[in-house]
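Residue numbers (this note's numbering): 237 to 359.
Warning: the hint list may mix true and false statements.
Unchecked claim - With a straight-line cut-off of 16 Å between C-alpha atoms, the simulated EDC-like cross-links for lysine to aspartate or glutamate are:
1. Lys-291 x Asp-264
2. Lys-291 x Glu-271
3. Lys-250 x Glu-298
4. Lys-261 x Glu-271
5. Lys-261 x Glu-298
6. Lys-275 x Glu-259
Unchecked claim - Derived DEER-like restraints, expressed as beta-carbon distance ranges:
7. Gln-267 x Leu-290: 18 to 26 Å
8. Ser-278 x Val-302: 16 to 24 Å
9. Leu-276 x Arg-242: 15 to 23 Å
10. Ser-260 x Asn-280: 29 to 37 Å
11. Glu-271 x Ile-241: 17 to 25 Å
12. Lys-250 x Ala-286: 12 to 20 Å
13. Asn-240 x Val-302: 28 to 36 Å
14. Ser-278 x Arg-320: 17 to 25 Å
15. Asn-263 x Thr-310: 28 to 36 Å
16. Ala-313 x Ser-278: 17 to 25 Å
17. Leu-307 x Gln-267: 30 to 38 Å
18. Pro-299 x Ile-241: 15 to 23 Å
19. Gln-267 x Gly-316: 29 to 37 Å
Note that these hints are calculated values from the structure, not bench results. Just so it is clear, CB atoms sit at the ideal spot from N, CA and C, and this is done for glycine as well.
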Amino acid sequence: MHVNIRILGLDVSKSSVSACLIESKPNDPRQFYYECPFKLFSANSEGIKALLALKPDIAIMEPTGVNYSRLWGTHLARAGVEVRLVGHKDLRSYREHHLSLPDKDDDAFDNFKLPTACCTKQF
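With the sequences and hints as input, model every part of the structure.
Rendered as C-alpha cells:
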C-alpha cells in the first residue's frame, strides 16, 4: 500500500516564510522545481492560518534565524505537524550530489530542496 505524505519545505525570513508542498516524490526533480507553485506567507495570524491550511504531515526547515523559525515551528507542532530541522551542510551536499538544478541561493530553491531531500530519505 502506498501512503502519500505531505511534506512542506520552508525557507524562513524575518517577516515571512516561503513554502513548497510536495505530496509525492517527484519523478523529475528539475522539472518539478520549475513547475511547483511556491507560496509566500506573512508572519501574522492570517499567514499562519493559511500555512496550516496546507495540512502538511511534515515540515522541514533550515535552522536559520532561530527566533524567526520558532514562530512557524511552534504553530506547526501545535497543529500536530512533525517539524524537522536540516543542516546547511547536509543540504549543500544533497544539492551537489543529487539534484541537477541552477546554482542559486534563493527562497524557491531552499524550500524545494528540503522536502525533496526528505522524499528521497537523504536525512
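Okay, the hints, checked on the actual structure:
1. Lys-291 x Asp-264: 24 Å, violated
2. Lys-291 x Glu-271: 21 Å, violated
3. Lys-250 x Glu-298: 14 Å, holds
4. Lys-261 x Glu-271: 14 Å, holds
5. Lys-261 x Glu-298: Outside the cut-off at roughly 20 Å; violated.
6. Lys-275 x Glu-259: This hinted pair holds, its Cα atoms lying about 15 Å apart.
7. Gln-267 x Leu-290: 18 to 26 Å: 22 Å, holds
8. Ser-278 x Val-302: 16 to 24 Å: Cβ of Ser-278 to Cβ of Val-302: about 19 Å, so the range 16 to 24 Å holds.
9. Leu-276 x Arg-242: 15 to 23 Å: Roughly 18 Å apart at Cβ, these two residues keep to the hinted range, so it holds.
10. Ser-260 x Asn-280: 29 to 37 Å: Given range 29 to 37 Å: holds, Cβ gap about 31 Å.
11. Glu-271 x Ile-241: 17 to 25 Å: 20 Å, holds
12. Lys-250 x Ala-286: 12 to 20 Å: 18 Å, holds
13. Asn-240 x Val-302: 28 to 36 Å: With Cβ atoms ~31 Å apart, the hint holds.
14. Ser-278 x Arg-320: 17 to 25 Å: For Arg-320 against Ser-278, whose Cβ atoms are near 23 Å apart, the range 17 to 25 Å holds.
15. Asn-263 x Thr-310: 28 to 36 Å: 34 Å, holds
16. Ala-313 x Ser-278: 17 to 25 Å: Once the Cβ atoms are compared, 20 Å apart, the range 17 to 25 Å for Ser-278 and Ala-313 holds.
17. Leu-307 x Gln-267: 30 to 38 Å: Once the Cβ atoms are compared, 33 Å apart, the range 30 to 38 Å for Gln-267 and Leu-307 holds.
18. Pro-299 x Ile-241: 15 to 23 Å: 22 Å, holds
19. Gln-267 x Gly-316: 29 to 37 Å: Holds, at about 32 Å.
Against the hints set out earlier in the document, violations occur for numbers 1, 2 and 5.
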